[in-house]
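Trainee: One-letter residues, chain by chain:
Protein chains: 2
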Amino acid sequence: MEDVRIVLYGVGAMGTRIAKLLLKKKGIEIVGVIDIDEEKVGKDLGEALATNKHLGIKVSDNPENVLSIANADVVIHSTTSFLKQTYPQIATAIKHGANVVSTCEELSYPYATEPELARELDKLAREHSVSILGTGINPGFLMDTLVITLTSLCQEIEQIKAARVMNAATRRASFQKKIGAGLTVNEFREGMKKKTITGHVGLTQSISMIADALKWRLRKIEADPAKPVIAKTYAESEIAKVEPGQVAGIRQCARGIKGKREVISLDFQAYIGVKEEYDAITIRGVPNIHERITPCTHGDLGTVAIIVNYIAKIMNARPGLATMIDLPVPSATIEDMRNYF
Amino acid sequence: MEDVRIVLYGVGAMGTRIAKLLLKKKGIEIVGVIDIDEEKVGKDLGEALATNKHLGIKVSDNPENVLSIANADVVIHSTTSFLKQTYPQIATAIKHGANVVSTCEELSYPYATEPELARELDKLAREHSVSILGTGINPGFLMDTLVITLTSLCQEIEQIKAARVMNAATRRASFQKKIGAGLTVNEFREGMKKKTITGHVGLTQSISMIADALKWRLRKIEADPAKPVIAKTYAESEIAKVEPGQVAGIRQCARGIKGKREVISLDFQAYIGVKEEYDAITIRGVPNIHERITPCTHGDLGTVAIIVNYIAKIMNARPGLATMIDLPVPSATIEDMRNYF
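From first to last, the protein sequence lines stand for chains A and B. So the first sequence is residues 21 to 361, counted in the numbering used here. So the second sequence is residues 21 to 361, counted in the numbering used here.
Just so you know, not all the hints are guaranteed correct.
Identical copies carry no separate label here, and so any pair may be met within one copy or between two of them.
Straight line, CA to CA, 27 Å or less: simulated DSSO-like cross-link-like pairs of lysine-lysine [claimed, not checked]:
1) K280 with K235
2) K45 with K181
3) K45 with K278
Source of the hints: derived by calculation from the structure; they are not laboratory data. All values derive from a computational prediction rather than experimental measurement.
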């Protein structure tokens, strides 16, 4: 088998990390790079990634050009969180016959918020005999796929809770900005209005995925906007200093309501100065399940891993729009990528 | 859709528990029961399960008779741990056009120890357009499927460790006997020779499944026989009293060796008087993952759950011998069973 041919669609904060992992792996060839960042367009990928290597692949802002000559097996798409914005980008990849693995949060389970775009993507993917997946560790794994996996231990389920508590100081600068670390409360409110602070995108998708897997018909999904976590003591990261009374980050909750009962509760916390980091899942049922990953899974490392680990799985999937629960059990592809076909 | 038609092949310790759960569920009908226990043959299932109900289904010791009239969608098979013994039973179910979900430990991943029987079962299942799965929580989930699922968070993996530590006092009497709880060390050794003490069956299967999922070519799998855990202080369960110096239960380890390195280590402990019960998975890699279920998942409750939760999945699977990693993400089927098709 020949090397798997990859086009990177987006080499921002996440795309750069994904590219660096791909460059270390056997059985993979990067055959095209798309980005709109003027700082990167026209440069060699090695330079765009701020490495010293010359890789012989230029960053282009013209997706049509790149895709029409790349003959890509998989486009790794990493631009924005919202499907309305990413839809035309992903559609272009599909039309050029490429499978797509995307970090787009809304694509991880698009049926809740964007059912029409989901249907159109599915139809388009089938027409071109390719497969599409949105994933990452959250949404995509920690608060949905892993939760669903653990429900298989249960005979009855009353309620599901999942919490992710992370110290934002360990995350990339763009993430820390997105959660308002170091702002005053007023600046945070302004940022929320102007959407420079977006908080976490994905809780609605995660709840929707869990409910569909269990065949629970929810009456509604309540997703709160991000709320500021106010620092009680001084805390800092490499890029932010948080004085007491300032915003250290966010807490964001969402609930799935079935009848009158809250059956799914998600609690996402990311701020500078977290005492204990963890990903916890609690299922109240028969039997009860208390599961915990300590410290919490590193968001950037984990998302890069999952995206790359789904290259082979999406190529092996049947055509159409897939979600994590349609595909076989998740697993790592740590050896030569050609071994996984 | 009509109710899913189930034949129970084996209503011993596990089969009885599975039957009781099925009787509570909507969308399921038990249409036949097979067992060789003279105490049960000829009796109504309600009586065989020691309930007060008359269920109108007689326990039969004639699989051919039961299966030829049952028109079963799925046979739930729960007899013994070893594929050489269960092969003809499962083959009979297949020949009558039934899908099979089995608790047979060796069937959970038969390629390591019984590759020929695995091939034959796969061929037979394809010929009859049915699907076959061996599962349970261990082997089947805690030390293999869940481990593999968590590897998807990793970019690189150096070593994988999984441990299951359980207080045998909470388990069924037959399990406590199987691990020699309350015996002297000499009686334990005799029991091992006579195979009345079988220990845990499945570590080799779990290691093999993990290695295959990761495409690690192991040089060998070392599976130790069960070793007695000697009680230091007095401990007891409902059926066993363990004096200091007597056997409280077992510890059993297995290792997957790649080149010269131990890359997979499994550690199974089940004894009366365990201080802290847990299921733990540690992956040394990028990133490191430390996962824990506390207390450990209840073995009987969990296995019954998984078996029943795979009824719909095996009916939806493509024909042949399946393992947990071939099928979609595990999930619970807690609502009316007909909803899951």
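Trainee: If a hint holds in the structure, say so; if it doesn't, say that too.
Mentor: Against the structure, the hints come out as follows:
1. K280 with K235: Cα proximity of K280 and K235: one copy only (17 Å, versus 47 Å across).
2. K45 with K181: Between copies only: 24 Å across, 36 Å inside.
3. K45 with K278: between (45 Å within a copy, 20 Å between copies)
Taken one by one, the earlier hints all hold for this structure without exception.
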